[in-house]
Amino acid sequence: MTISTSDKPFLTRVKESENDHFMQQSVAKAQDAQWDKRTAAREELGNWEQWRDLGEQIRQHVIKYLPDYLEQFSDNVEKKGGHVFFAQTDEQAVNYIKKIAKEKKAHRIVKSKSMVTTEINLDKALLSLPETSLMETDLAEFILQEDNWDEPTHIVFPTLHKNRDQIQKVFNKLGYSGSNDPEEMAKFARKYLREYFMQADLGITGCNFAIADNGMINLVTNEGNADLTMAIPKTQIVVMGMERIVPSLKEAEVLDNMLSRSAVGQKLTSYCSFSGPQVSGESDGPTDFHVVILDNGRSNALGTDFEPVLQCIRCGACLNVCPIYRHIGGHGYGSIYPGPIGAVLSPVLDGYEKFGDLPFASSLCAACTETCPVRIPLHQLLIKHRKVMMDKLKMDHSFNNVLMKGAGVATSSPILFKIALEGAHMGSAPLSKSKETSVDNLFNYGHIEKAPSLASGWTDVRDLARPPKHSDDFRSWYKKHKKEQQEGASHD
Amino acid sequence: MTNSNREVFLDKIATKAGRTRHQLKNHPFVPINDLPESTLAGKSQDELLELAQKNSEAVHVTFEKTNRISLSTLLNDFLSAKDINNLILPTCDKWAAFGLSDWENKLADSAEFWTPESSRTENLAKVNAADGAIGFADYLLAESGTITVATTPGQGRGFHFLPTHYLSIIPKSHILSRSRQAMHKYEAAIASGKLTTSNINFITGPSNSGDIEMVLVVGVHGPLDMTYVVVEDL
Ligand code: SF4
Chain A
1 MTISTSDKPF LTRVKESEND HFMQQSVAKA QDAQWDKRTA AREELGNWEQ WRDLGEQIRQ
61 HVIKYLPDYL EQFSDNVEKK GGHVFFAQTD EQAVNYIKKI AKEKKAHRIV KSKSMVTTEI
121 NLDKALLSLP ETSLMETDLA EFILQEDNWD EPTHIVFPTL HKNRDQIQKV FNKLGYSGSN
181 DPEEMAKFAR KYLREYFMQA DLGITGCNFA IADNGMINLV TNEGNADLTM AIPKTQIVVM
241 GMERIVPSLK EAEVLDNMLS RSAVGQKLTS YCSFSGPQVS GESDGPTDFH VVILDNGRSN
301 ALGTDFEPVL QCIRCGACLN VCPIYRHIGG HGYGSIYPGP IGAVLSPVLD GYEKFGDLPF
361 ASSLCAACTE TCPVRIPLHQ LLIKHRKVMM DKLKMDHSFN NVLMKGAGVA TSSPILFKIA
421 LEGAHMGSAP LSKSKETSVD NLFNYGHIEK APSLASGWTD VRDLARPPKH SDDFRSWYKK
481 HKKEQQEGAS HD
Chain B
1 MTNSNREVFL DKIATKAGRT RHQLKNHPFV PINDLPESTL AGKSQDELLE LAQKNSEAVH
61 VTFEKTNRIS LSTLLNDFLS AKDINNLILP TCDKWAAFGL SDWENKLADS AEFWTPESSR
121 TENLAKVNAA DGAIGFADYL LAESGTITVA TTPGQGRGFH FLPTHYLSII PKSHILSRSR
181 QAMHKYEAAI ASGKLTTSNI NFITGPSNSG DIEMVLVVGV HGPLDMTYVV VEDL
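Chains as they are written, first to last, in UniProt numbering: chain A, 1 to 492; chain B, 1 to 234.
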């Protein structure tokens, strides 16, 4: 599992991110611009809340009947002459893909942007094959690859942390001698990548949605590289998280509309494609078509309170409204899945030992939940993660380290602490009531029973834990427990 | 057998979810509302045309309206305005329906055609060398300024992505309100056997990217510009 993007401790990453002023400005600018575009696109559609109801219903339904839909989809892919491989782990997926690459004697591989292939570290595995080259063809992913495989910082805008001068330097290494003008640089990338494309023998794509009743895959993009990846090479391998499925073209169409509006404020992105293996009479498109369906920890969410995280359509809107993401950017999270969705998903996929600190990197302001097009109760799930960790602590004291690390996140970083306090306390304090301090509630300072409108809807059924007030002594509580923990450790 | 690992995988996720497999047939998806159908419903073809123009121009498309008589002149103007020297055209039976048989015949020697007889390499080399493409769309979606095209033996996938400039011809009667209506058409055509295709593209304006400092750059991998020509046929 390689969703980690850094070996450094969380607070070190936060500190580094805080010092990256260009990144902070870029994220703030992007968040503000996307806010306007997203809001306008949703308003123009009208009835946005009812569209969210529909989006949520589609996603909940397919997760509920996931094995049935995957079975139907794989039957239909095979009817069309394609192949489906079910991979429980990243290793199984990578081995299968390497096997196909070897069988096909693939030497030039083109890839279009896919988070799930980043998750399984596919690029490096394929590059370990003899005489094999590989090109990320999405402009942002191409820049990251050529910049020594720098890590993405956003699930929709992976190079948000880079400025034009940095990109110009990356391109200079490839023979570019033009200015730092984005258009001129994009033209260079077009020519450079086009030459590579025309020689490519294997194409690898992700999948926004798999269409169960006809075996097609749906990709939603803006640049056109994904469509070239599906047109030119003779072999295509699609890699998809097992939850990325819809019943039919109709539901794909609904979600494409919601995804485009939520991700980039467009009614539809430039290219929404529905595709499968070449049929008789056609001359381009893959004659050999493989779909790899990946679990890799996703099933940890099934049957638990975290199941709604599988509804995610990766629009990135929750990142674009998050005050914490605004300050620490993608790299601060240390996961390829950053922001609120990353803080919920990363511990599900890869455990609390590695990502137990992320659920604490939140102000619980509920802006993420409010914007999510498929109504994932993100901040509620963050609280749930904290609760699960507390329960684990009760059962298993060795878990102390993980919990303390996480609790430290909320208190040891001045910026996170400030956002948490200001964000969550604005308007919430008058609604809260005092409760006796107990370890079950990590923030031992009261529960909210009626939330302000931002969080309305879900506090009717569940209390929201409140963060400490400025004047309260959560830091003392934390310090005391840290001391106990250290004393405990010294006795081991 | 590619399916050998499927049952283990599906059984495992069913167990983890605590739900029995094969329940779907008794619980098919029934949408909670009819927004995909009712949004923009009941508009006349003239209203849809107006909306399509507005929304296409909003995504940087050059939008033209014409009739069968003026169409060939408009296409010639496009070729000279874009200074197109290597034109690619599809192989299809639509030329006559748009009054373009003579126009197409005149270009037979100078233009390249995507042909069912050519190999993958030959067709892709032709479109890659083309600085202009003129093709036919199946539908135009008014809400988003989107053309839709299903891949056919005479108009392959690469046809829409590799040329530098791109023009698409759409009959006015094929303007639909939204993507939902297009999906109904495609599902029906596939189910009845009228359409056999491996690929359906919904294309909304030219290729673009905001990957460098969020500055909108048009024409990254696909065509640098798009022209839609709606032809009066009603
Ligand atoms: S959690 Fe919701 S808002 Fe965030 S990326 Fe997923 S679908 Fe979008």
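Worth flagging that the hints you see were computed from the coordinates, not collected in a lab.
Here the structure is a predicted model, which is why all the values come from computation and not from measurement.
Wrong hints could be hidden among the right ones.
Just a sample of chain B residues kept apart from chain A, beta carbon distances all over 10 Å, derived [unchecked claim]: (1) Ser-144; (2) Asp-211; (3) Glu-213.
With a Cα cut of at most 25 Å, we get these calculated SDA-like pairs of lysine to any residue [to be verified]: (4) A:Lys-64 <-> B:Leu-35; (5) A:Lys-102 <-> B:Arg-120; (6) A:Lys-64 <-> B:Asn-5; (7) A:Lys-191 <-> B:Ala-191; (8) A:Lys-80 <-> B:Glu-187; (9) A:Lys-29 <-> A:Asp-7; (10) A:Lys-187 <-> B:Glu-187; (11) B:Lys-43 <-> B:Lys-185; (12) A:Lys-250 <-> B:Ala-191; (13) A:Lys-79 <-> B:Leu-195; (14) A:Lys-187 <-> B:Pro-31; (15) A:Lys-79 <-> B:Lys-194; (16) B:Lys-194 <-> A:Glu-43; (17) B:Lys-16 <-> A:Lys-105; (18) A:Lys-250 <-> B:Ala-150; (19) B:Lys-12 <-> A:His-83; (20) A:Lys-191 <-> B:Lys-54; (21) A:Lys-191 <-> B:Ala-129; (22) B:Lys-185 <-> A:Lys-64; (23) B:Lys-25 <-> A:Asp-396; (24) A:Lys-250 <-> B:Gln-181; (25) A:Lys-105 <-> B:His-60; (26) A:Lys-250 <-> A:Lys-104; (27) B:Lys-12 <-> B:Pro-31; (28) A:Lys-234 <-> B:Lys-25; (29) A:Lys-234 <-> B:Glu-57; (30) A:Lys-104 <-> A:Val-94; (31) A:Lys-250 <-> B:Asn-85.
Simulated coverage check for chain B against chain A, where a stretch passes if three residues somewhere in it have a Cβ under 8 Å from a Cβ of chain A [to be verified]: (32) 33-46; (33) 129-138.
Yeah, the Cβ is synthetic: ideal placement off N, Cα and C, and Gly gets one too.
Under the constraints set out in the numbered hints, which ones does this structure not fulfil? Structure breaks hints 1, 2, 3, 7, 9, 10, 14, 16, 17, 20, 22, 23, 25, 26, 27, 28, 29, 31, 33.
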